[in-house]
Amino acid sequence: MAAAPKSELCLTGLTQRFGAVRAIDGVDLSIPRGSFVALVGASGSGKSTLLKTINRLVEPDEGTVLFEGEDIRATAASAVRRRIGYVFQSIGLFPHMNVAENIGIGPRLAGHPIGMERVAELLDLVELEPAHATRMPHELSGGQRQRVGVARALAGDPQLLLMDEPFGALDPVTRDALGRRVRELHERLGLTTLMVTHDMAEALLLAERVLVMAQGRIVADESPRALLAGAGGEEAQALVAVPRDQADAIAELEG
Amino acid sequence: MSEILAILVGLGDKLAAHVLLSAAAIGLGIAVALPLAVWASRSPPVARIALGFASLVQTIPALALLALFFPILLSLRAVFGEGLPTLGFLPALLALALYALLPILRNAVTAREHMAPGVLEAADGVGMTGWQKLRLVEAPLAAPYIMAGIRTAAVWTIGAATLSTTIGQASLGDPIFAGLQTQNWALVLAGCIASAALALVADLLLGTIERGFAARRKLLVWGGAALALLGIAAAGYAQLDLGKRGDTVVIGAKSFSEQYILARLIGQRLRDAGYAVEYRDGLGSAVVHDAVATGAIDISVDYTGTLWTNEMKREGNPGRDAIYRAIVAWEGDTSGIRVLGRLGFENAYALAMREDRARELGVRSLADLASRAPRLTVGGDPEFFRRPEWSAVREAYGLRFGRQRTFTPTFMYNALRSGEADVISAYTSDGRIAADRLVVLGDPKGAFPAYDALVLIAPDRAGDERLIGALEPLVGAIDVETMREANLSVDRAQNKLNPAEAARELARAIGL
Chain A
0 MAAAPKSELC LTGLTQRFGA VRAIDGVDLS IPRGSFVALV GASGSGKSTL LKTINRLVEP
60 DEGTVLFEGE DIRATAASAV RRRIGYVFQS IGLFPHMNVA ENIGIGPRLA GHPIGMERVA
120 ELLDLVELEP AHATRMPHEL SGGQRQRVGV ARALAGDPQL LLMDEPFGAL DPVTRDALGR
180 RVRELHERLG LTTLMVTHDM AEALLLAERV LVMAQGRIVA DESPRALLAG AGGEEAQALV
240 AVPRDQADAI AELEG
Chain B
0 MSEILAILVG LGDKLAAHVL LSAAAIGLGI AVALPLAVWA SRSPPVARIA LGFASLVQTI
60 PALALLALFF PILLSLRAVF GEGLPTLGFL PALLALALYA LLPILRNAVT AREHMAPGVL
120 EAADGVGMTG WQKLRLVEAP LAAPYIMAGI RTAAVWTIGA ATLSTTIGQA SLGDPIFAGL
180 QTQNWALVLA GCIASAALAL VADLLLGTIE RGFAARRKLL VWGGAALALL GIAAAGYAQL
240 DLGKRGDTVV IGAKSFSEQY ILARLIGQRL RDAGYAVEYR DGLGSAVVHD AVATGAIDIS
300 VDYTGTLWTN EMKREGNPGR DAIYRAIVAW EGDTSGIRVL GRLGFENAYA LAMREDRARE
360 LGVRSLADLA SRAPRLTVGG DPEFFRRPEW SAVREAYGLR FGRQRTFTPT FMYNALRSGE
420 ADVISAYTSD GRIAADRLVV LGDPKGAFPA YDALVLIAPD RAGDERLIGA LEPLVGAIDV
480 ETMREANLSV DRAQNKLNPA EAARELARAI GL
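These protein sequences, in sequence, are chains A and B.
0 is the number of the first residue of the first sequence in numbering that gives the first Met the number 0; add one for each residue after it.
0 is the number of the first residue of the second sequence in numbering that gives the first Met the number 0; add one for each residue after it.
No wet-lab data here; the hints were simulated from the structure.
Take the hints with a grain of salt, since some may be wrong.
To give an idea of the interface, some chain B residues facing chain A are shown, with a C-beta separation under 10 Å as derived from the structure [as the list claims (entries may be wrong)]:
no.	residue
1	His113
2	Ala115
3	Gly126
4	Leu140
5	Ala272
6	Val276
7	Glu471
8	Val474
One-sided excerpt, in silico: chain A residues whose CB lies under 7 Å from chain B [stated by the list, open to error]:
no.	residue
9	Val57
10	Ser89
11	Leu204
12	Arg208
The beta-carbon is built from N, C-alpha and C at its ideal position, and this holds for glycine as well.
Start from the sequences and build out the full structure, keeping to the hints where you can.
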């Protein structure tokens, strides 16, 4: 099946079983270039597994993933991953490499190592000082580390950015700031971004399209506005109710 | 103290051999353990099997593991041909490398298991291939732990390498074993000090490398590695120098004083005849005959009774001369060993008691002993109680001792003196029989076969007439009193001689 020309990503009939459990159960999904999509669901809903099939960290049992119109299985897994930015909750900075080496690892693997100038530019993108380049990961705060994680994901000029609970381990203030920054970078660099989160508020505020997953299926596919207006069904509305009730409760306290 | 110092100075070649053996064993251990660890990190069943095997090896006493390689290599000759060495460096290397495997493997596997999963996922996520992940992430992160494992392995290996003396590999165990045998504590201490010092130095250098890896300081890593390699190279150079001596006659000796002395006596005569000579001391009794037959050593002194029962697997006692003639013919037919001749004395197994104790119990011969045995303790060396002679004697006289205890030969005599044993297995040529006022119990039924000392020459030396000529004067030249005196001069507590000095005294006594 040919991908629609504007689709950056096209997933067809994707299924992944772990024993008797279907982690992903026949997912079809098309994501146009340039969109910011949030994938929301409870733990075990299959959202992380679905994300990882895209850069071949998980090989699905059935179905195909087309990236820029090409089946990702046509290329070696390592080569696919180098073309796709990947940010995840445990960050995974290499503890034996300094910040510059961590940021430059992807281009180095691809055979085009980057200079300090480019490192400084990437650090600037995530609002860090050039002086951070020579620090070791253990010398950084959690928020600074994840900023480096984002810079590392962007170092290879990817078109597609995959984020798996990227802000899950951060304190609320840092989380908010880094979320906004990523949204800005998404616009500025013209990325296609797919973010997995269990936090509906984050999804509503950052994304332009929210997918809700439950039991391996996509049960809702709406804009934030539509979700707030009551669309998307029972499971989606249960998730939307959480931040809304919190907001109401806070408003009441202020009242 | 100055005595120990003097011995230490003379240990240079043993030290060099020890360093080379240990380094080679650790190197081989690393070469096997690291790929195995990589494989294990990718396959849990492999990890279980590899670690299980390495732990199993670790439970085998090092001494036994070393000895086990003799029969293993002997049987491997069917595959690799007769050139495969069965004694010396090769079996020692293999056994010690097996021993070094566990700490390296376990640390490498543990390091991999404890690596943060996030870091490994990131390695995949940024697009590393399996090889890049191993080289850029797993190896550098595991390096300090692997170094710690290598450190442990090095200390173990250097310690265990002293045991390779028993399979004919020169090491710092030579002075330890020789000293233990002849109660020369200065020799024992010198060997221990040298081997402990070597272990400490190795630990220090490897520890420096480990710290260098942990702190990511290349200078420490390269500095430590360079010093360690320099030490190994120096040892190699020293051994190379020794190796240049060309055609060397290797003389084997089992682990008791008489063997050390006779080996020196033979060696001194050959040296005078222009041969380069090397000694393999402290060999296990079971290994020596095969070692001569295969040419791993060139000359040994053995005993008719030992060959008759252990090698020819014969029972009964057709008489001294008949046994000797049978052995000469059998060696010629089967192994090709040349029996040079009998030295003139007998070193038979016998049971001995303190004179006063024997008188008190009214025991003069083995026949008298039978009724008293249940109340008595018999002491023997580790080999004795498993020998066919022991069962033959027990059956012939119906001996049932109350207790049976095992001692090394030296401590056996002490046990008799202190009353911890009432009867011991003695050797008739032992100088301590006269010195300790012991009586050798008579053997009216002739249950113990004769043990005439004889000189065995390896098949490929059998035609060397110059060598034969140098040793022929020894045939029939040593009577049992002379041998006892020489043995006592080494075994006594005071004013003791070393085996080489005793050999010179012995040569003078027999007029050579």
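Hint-by-hint comparison with the structure:
1. His113: Cβ of histidine 113 of chain B sits 13 Å from chain A, so the hint is violated.
2. Ala115: holds (7 Å)
3. Gly126: holds (3 Å)
4. Leu140: holds (6 Å)
5. Ala272: Not OK, violated: alanine 272 of chain B not within 10 Å of chain A, min 64 Å.
6. Val276: violated (55 Å)
7. Glu471: violated (71 Å)
8. Val474: Violated. Min distance 71 Å.
9. Val57: Since the shortest Cβ distance to chain B is 11 Å, the answer is violated.
10. Ser89: Since the shortest Cβ distance to chain B is 3 Å, the answer is holds.
11. Leu204: violated (26 Å)
12. Arg208: violated (24 Å)
The structure fails hints 1, 5, 6, 7, 8, 9, 11, 12 (numbered hints given earlier, in ascending order).
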